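Asker: Construct the entire structure; sequences and hints are all you get.
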Amino acid sequence: MDIILLDDIEKVGDKHEIVSVRPGYARNYLIPQGLALVANKSNRGRLDDIKRKELEELAARKAEFEAIAEKIKGQVLKIGAKAGVSGKIFGSVTNVQIAAALKDQFGIDVDRRKVKLPEDIKVIGAYSAELMLHPEVEIIMNFEVVEE
25 MDIILLDDIE KVGDKHEIVS VRPGYARNYL IPQGLALVAN KSNRGRLDDI KRKELEELAA
85 RKAEFEAIAE KIKGQVLKIG AKAGVSGKIF GSVTNVQIAA ALKDQFGIDV DRRKVKLPED
145 IKVIGAYSAE LMLHPEVEII MNFEVVEE
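Here the sequence shown stands for residues 25 to 172, where the numbers follow our numbering.
For the record, the hints were derived by calculation from the structure and aren't laboratory data. Computed from a prediction, not measured in an experiment: that's the story for all the values here. Note that CB positions come from ideal geometry on N, CA and C, so glycine has one too.
Here are the computed lysine to aspartate or glutamate pairs in the DMTMM-like style, where the Cα-Cα straight-line distance is at most 25 Å:
hint, residue 1, residue 2
1, Lys86, Glu154
2, Lys112, Glu168
3, Lys95, Asp135
4, Lys77, Asp38
For each label pair, taking beta carbons as the anchor points, the in silico distance ranges come out as:
hint, residue 1, residue 2, range
5, Glu171, Val120, 12 to 22 Å
6, Glu171, Asp133, 19 to 29 Å
7, Ile74, Lys35, 17 to 27 Å
8, Lys75, Val109, 52 to 62 Å
9, Val147, Asp73, 48 to 58 Å
10, Val100, Lys138, 16 to 26 Å
Answerer: Below is the structure:
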């Protein structure tokens, strides 16, 4: 069954892409969750309009995202975590915590899926993460995990 994705879905495809999936997966999960539309003639026509509007909006917001990237560049984000005596933290630091810390410390609202961590973070220390603010604006952000 051909569908139009309305959001990035891991192992399926990217937003606004027309992909073929199993009919049950489309009917029972993707379409009811609002993640996809059936790729019929009218929806394909709407897709072209949606893509064009979104590209115009992204181009207009690129300067805004570049300003945010400059604000973050060189800054060190501090993330608190409970840790044992040896410096190992209980659990791990996730992209959700990094997105929340960005909002708290810099007032920047970032979707957790736009934060990419190179490895699991289970020890107190300094790390870096890839932050994709815009398809053309991508930065490496430094952060430090400190004991609470």
